[in-house]
Amino acid sequence: MEKIIIKPKNRWQAVNLKEIYEYRELLFFLIWKDIKVKYKQTIFGIGWAILQPLFMMIIFTLFFGKFAKIPSDNIPYPIFSYTGLIIWTYFANSLLFAVESIVRHQNVVTKIYFPKILLPLSSILSHLLDFLISFFVLIFFLLFYKISPTGNIIYLPIFILISILTAFSVSLYLSALNVYYRDVRYIMNFLIQVWFFLTPITYPTSIIPEKFRLIYGLNPMVGVIEGFRWCILGKEITSIKMMYFSIFIIFILFIGGIYFFKNMERSFADVI
Amino acid sequence: METVIKVEKLSKKYRIGERLPYKTIREEIINFFKRKKKKNDQFIWALKDVSFEIKKGEVIGIIGPNGAGKTTLLKILSRITEPTDGYAEVYGRVGSLLEVGIGFHPELTGRENIYLNGAMLGMKKKEIDKKFDEIVEFAEMEKFLDTPVKYYSSGMYVRLAFSVAAHFEPDILLVDEVLAVGDISFQKKCLGKMDSITKEGRTVLFVSHNMSAIRALCEKVIWLEKGKIEKIGRSDEITREYEEKFIQKYGISPVRIRNDQEIKYKKFYFKKVEIYDENGNLKTGFKFDEKIILHIELEGEIEEKYHIVFRIYDKNNIMIFSGASAELHNKNFDPKIKKIKIEFGPTNLTIGSYRIELILRKGKIQFATGERIEIDIWENAINFEITDCKPFETNWQLQNPRDGIFVIKNKFYNN
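Quick note, the sequences are listed as chains A and B, same order. So the first sequence is residues 1437 to 1708, counted in the working numbering. So the second sequence is residues 53 to 467, counted in the working numbering.
So here's chain A without its partners, still in its complex pose (with noise of 0.2 Å):
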């Protein structure tokens, strides 16, 4: 029989894999949940998940683009930018909301035992959604302005699993933060708007000067959209140095955030 010993923790410890394993259904159940909700009661429904991204990439064209000239790697403007929106969209917006997961599940998290990683978890799947939607979109685009993929593109599923994972590590420590302090949620709205301006969206990394770029990136979204771009624009990578640096960035955040929130979760249901 299962035996279970309660006592205080006192040492650090790593979120227990295996227990998340154990609890994939109701991890399937949040994610669905998230999803039929978010939707429900709207109009456009799922066609908000198209336009966002698609709004942006017609005014960054117009300003950006064709009125202030910014550089895009010898790449369309609208395809270039759309590249980078429709990842940064699904960064930002499962970021937003895996933020405020657990005060959401407040009620859930003081009355029944569960591994509170599921909650920015779940939050940060199921906006996957909302991502490949836009994907769909922009294999149209690609069409339209005939564009083939190069060999690149197999390593796409990577980046992807890339995204998610910076999206999560990022949300590891927001969400725990926010239900000791909700100062989190007044930050985020601005962090979100600086760290656009950091990330190249609207213009190419070749603008950063030589000895910037291993400090720019510092940014872990710096590695996934240059990396999406390389995938499926078949675009030059501007620093291999800054890239790797970016994605080892993510990993180290990852690592730190599983202890991190464990180490938080402890007392989740004493001060939420």
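Think of the hints as simulated: they come from the structure by calculation, not from any bench. Each residue gets a CB set at the ideal place from its N, CA and C atoms; glycine is no exception. Not one of these hints is a red herring.
Derived Cβ-Cβ restraints for the label pairs, each shown as a range:
no., chain 1, residue 1, chain 2, residue 2, range
1, B, 145, A, 1703, 16 to 26 Å
2, A, 1449, B, 416, 36 to 46 Å
3, A, 1565, B, 416, 33 to 43 Å
4, A, 1444, B, 381, 45 to 55 Å
5, B, 309, A, 1444, 33 to 43 Å
6, B, 95, A, 1574, 53 to 63 Å
7, B, 205, A, 1577, 44 to 54 Å
Here are the simulated DSS-like cross-link-like pairs (lysine-lysine), alpha carbons at most 25 Å apart as the crow flies:
no., chain 1, residue 1, chain 2, residue 2
8, A, 1445, B, 100
9, B, 61, A, 1443
10, B, 65, A, 1698
11, A, 1445, B, 61
12, B, 108, A, 1439
Stretches of chain A that chain B covers, calculated by requiring three or more beta carbons in the stretch to come under 8 Å of a beta carbon on chain B:
no., segment
13, 1438 to 1445
14, 1469 to 1478
Position chain B against the provided structure of chain A, taking the given hints into account.
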């Protein structure tokens, strides 16, 4: 028989303020500087050195006044919160019902919520599939399965939520005061279901204020008082003793002021209550046909409107009436208002002592979900006695429980 729960010197310390709503970083910084000044009074032991063992198949009741640590104990055993000290060993799959309908989402249909709620309780999808029809039948709501629960009446909502919970079959079931919801006939049905669960040899820990339910379901009782075990023993003996102490301790007086201990961590609370008759005399003994007037004083701050419930209990702790300002009179009080008068009666009660409990709730009542936000409960607010009950021709005094609780008019004829 084998032991399924072994608890050894389990303790849980809360930092004062921890159970209060979240802080902002600004407050935290301020607290950081203040911290040095305060010492031990910053902490409260919600549970202190509690040890006991439970054997397989036992049904244990947990009783004690509010704040005795009953819920904390269940929360530790179900791993929702961590103990500060001590340890517990639990053998088998634990399921906790601290509330019904956890995770219910108003936008989802009944069917969808059954799955979601079941999964949250820890049921596997296969298990829910298998029991689905039974759950629906128990809740008596086949017709509304595909309606979003936000359109349910509060009764339907509770029935569905309860039905899922009742079909949840872990090895060890931890139940908090959840039976306090729903209509009486459904409550009975649930008690029946619980009884059959316990007959199947499942171990159950059951927290309740309802002594008759405890006596009906449990063989053994743990009595907690201020985080410590006061007594463990046979349920009929312990519950009786508990009830007696309750009455002794809180005695009878027409003016009751709450002690600071009880209100220490509350933001808005009942402070004082006085009991009068119609002519403005403070007193505790009334005739059965007299009106009773309560003067209530509240203290603290609240942002929203609030409403009040008063409940009358008899000596056996059976609730005999519940009067609610919002539900019955659409009356919500402004945050500014700190003095309230409740007038009730004639009570038509038989001779005996009665206890009044006051409940403070805030915000709008969600009739659809039955959700209520309680900010203060004063269980033993005030006691009164009915000393005279001669409603009929003779001098016969009607007494509780010998002659029942209420006076009902009656006549006898030759026919």
